[in-house]
Amino acid sequence: MIPKEIVVVSGKGGTGKTSVVSALCALFSKKALFCDVDVDAPNLQLLLHPNDGQSFSFSGRKVPEIDSNLCNLCGACVNFCRFDAIKKEINGITSLLWKCEGCGGCALVCPKNAITMNSYEQGQYWRGETSLGPLWHARLHAGEENSGMLVAKLRREVRQEAIKNNYPLIIVDGPPGISCPAISALTGATLAVAVTEPSLSGLHDLLRLGDLCSSLEVPLAVILNKADLSEIRNAEIQDQIKNKNWQFLGSIPFRPSVVEAISSEEIPLDSLHPEIETIYTNLLQIINNIKM
Amino acid sequence: MFRLTVVSGKGGTGKTCVASSLASALQEGTIIDLDVDEPDLGLVLNIQNPEKESIYKVIPKIDIQRCIGCGICADNCAFGALNQFGMNPPLVNEKLCHGCGVCEYVCPQKAIKESQIKIGDLNIKHTKNWWFIEGRLTIGEPNPVPVIHAALEKANSLPFPQIVDGPPGTACPMVAAVEQSHFVVLVTEPTPFGLSDLALAAETVQELRIPAAVVINRSDLGNKEETEAFCKKINIPILACLPFSKKVAHAYAEGIAPFCVDQRWQEATYTILGHVKEVLS
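Chains A and B, in that order, are what the protein sequence lines are.
Following my numbering, the numbering of the first sequence begins with 1 at its first residue and continues without gaps.
Following my numbering, the numbering of the second sequence begins with 1 at its first residue and continues without gaps.
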């Protein structure tokens, strides 16, 4: 059986994506695998409390190491690098790792073979048991590159487990934005669920996310969170949902008790009641109608 | 004169609220939106009809007359952007290409030349008080970093002081935006999510050795004491605590900067500007 994969995204950050995902995890308890691919700001584990039984190291790229005994300071590497990641200084050649993209050009052009490309740990990922079922999650080290590759790695792992253990469904907490990690999270997904809010920026960001989903040919369903923030923007978003032929899963009003639950590191299931149950039912219906 | 960048780690904590408020207080300089995935600052500052400049990235163009299908370029591409099947010329995946130039360098046939594709836009506007620049990534393009660099290069020739609305997260786009700044304001919220992401963002900023300060937004929702204790531990000052305000939330939903509707936000904005001037003098 091929598992279905629901990826929850938002375009704009802070719309309540992870709160909603945690409540969906509770409603899909034991019936799905869970995965957090917001690898540079992961939060789902704070509500699901996994035991993190298995941990893995992630190294996606290689960076230069310069042997100062072999280097003759010719500067060929400095001239080749298009990312300004290698600098010639008084005491030798140094590489600026946060600028390096790991292309290996410096090592190729070095006439003295003084540069080797070595991989190193860029992040970690874990598989943990929670009371709701297994959770895969990850963390990229601060300031690192290659978040898209780590997202892809996590998705592969969770998918393999789902196939092996016959889970029909995977719920993924996705990254914000529309670039590398979002593309990596959405490519090949069964359904994208956008959690948005009725604000000028919420609508603007949702439209860009919608365009990304259609270019990746992933169907989109929308949850309107903090729905009472603005009547005008609420109506505008509802119009766009109709225009773009997206599925509408439901609205949730702003409730401070959601923040209180999160602050006690608890899933805000009661605070999202009864709307979240309606959303769950609608989502279930859409998932069941998607043929694999 | 300074370039101040506002970041948050976690999205939706009020980064653009702070950046738009700083912009509203400034009489001169340049305001820059580097959240190029989802640029929203121009909406709040009501920027109309900006001038557009296209941003390009370098990609390889294969001369199929010269290519002998040896596959050396594909073997050396660190990004998997060149794929070689049989003896055919390699296929170029433009989206995965970082434009490093390695393929052109290693090709024994000199069959690879540089070409360009558009990956985004710079939107530029000169308003009554300041210049506005927005980087906007083309939808479907994975790498925001070249768009961030292009916007900053443009900004270097424009007046200071400069206020930057940075990208969320703590990965390469955030580093690209922050590393060319003189000061960083970290906007957070006192929830476990806010604190966890603040810790990652602060670590990145401290590694880059850029002076920073914290603003706690919606400071009455959650547990402010934990955030205060954390800031004390890592020795980053807290410049303002702004309680949740329905008025601010509703105004922001309509695209109005908090500075324009709330006195506490005005005071916080001037505190930030005063602090930055003092630290950098």
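Each hint should be verified, as a subset may be incorrect.
[What the hints assert, rightly or not] Think about it this way: if two alpha-carbon atoms lie no more than 30 Å apart in a straight line, the pair counts; the simulated DSS-like pairs of lysine-lysine are:
| no. | chain 1 | residue 1 | chain 2 | residue 2 |
| --- | --- | --- | --- | --- |
| 1 | B | Lys128 | A | Lys87 |
| 2 | A | Lys99 | B | Lys247 |
| 3 | A | Lys99 | B | Lys118 |
| 4 | B | Lys61 | A | Lys87 |
| 5 | B | Lys95 | A | Lys87 |
| 6 | B | Lys154 | B | Lys233 |
| 7 | B | Lys113 | A | Lys62 |
| 8 | B | Lys57 | A | Lys99 |
| 9 | A | Lys62 | B | Lys57 |
| 10 | B | Lys154 | B | Lys57 |
| 11 | B | Lys154 | A | Lys99 |
| 12 | B | Lys52 | A | Lys4 |
| 13 | B | Lys233 | B | Lys128 |
| 14 | B | Lys57 | A | Lys87 |
| 15 | A | Lys99 | B | Lys128 |
| 16 | B | Lys113 | B | Lys57 |
| 17 | A | Lys244 | B | Lys95 |
Keep in mind the hints are simulated off the structure, nothing from the lab.
Verification of the supplied hints:
no., hint, in the structure
1, B:Lys128 <-> A:Lys87, "40 Å, violated"
2, A:Lys99 <-> B:Lys247, "42 Å, violated"
3, A:Lys99 <-> B:Lys118, "22 Å, holds"
4, B:Lys61 <-> A:Lys87, "29 Å, holds"
5, B:Lys95 <-> A:Lys87, "28 Å, holds"
6, B:Lys154 <-> B:Lys233, "37 Å, violated"
7, B:Lys113 <-> A:Lys62, "25 Å, holds"
8, B:Lys57 <-> A:Lys99, "17 Å, holds"
9, A:Lys62 <-> B:Lys57, "22 Å, holds"
10, B:Lys154 <-> B:Lys57, "16 Å, holds"
11, B:Lys154 <-> A:Lys99, "19 Å, holds"
12, B:Lys52 <-> A:Lys4, "41 Å, violated"
13, B:Lys233 <-> B:Lys128, "42 Å, violated"
14, B:Lys57 <-> A:Lys87, "23 Å, holds"
15, A:Lys99 <-> B:Lys128, "36 Å, violated"
16, B:Lys113 <-> B:Lys57, "14 Å, holds"
17, A:Lys244 <-> B:Lys95, "26 Å, holds"
Hint compliance for this structure: hints 1, 2, 6, 12, 13, 15 are not met, and every other hint is.
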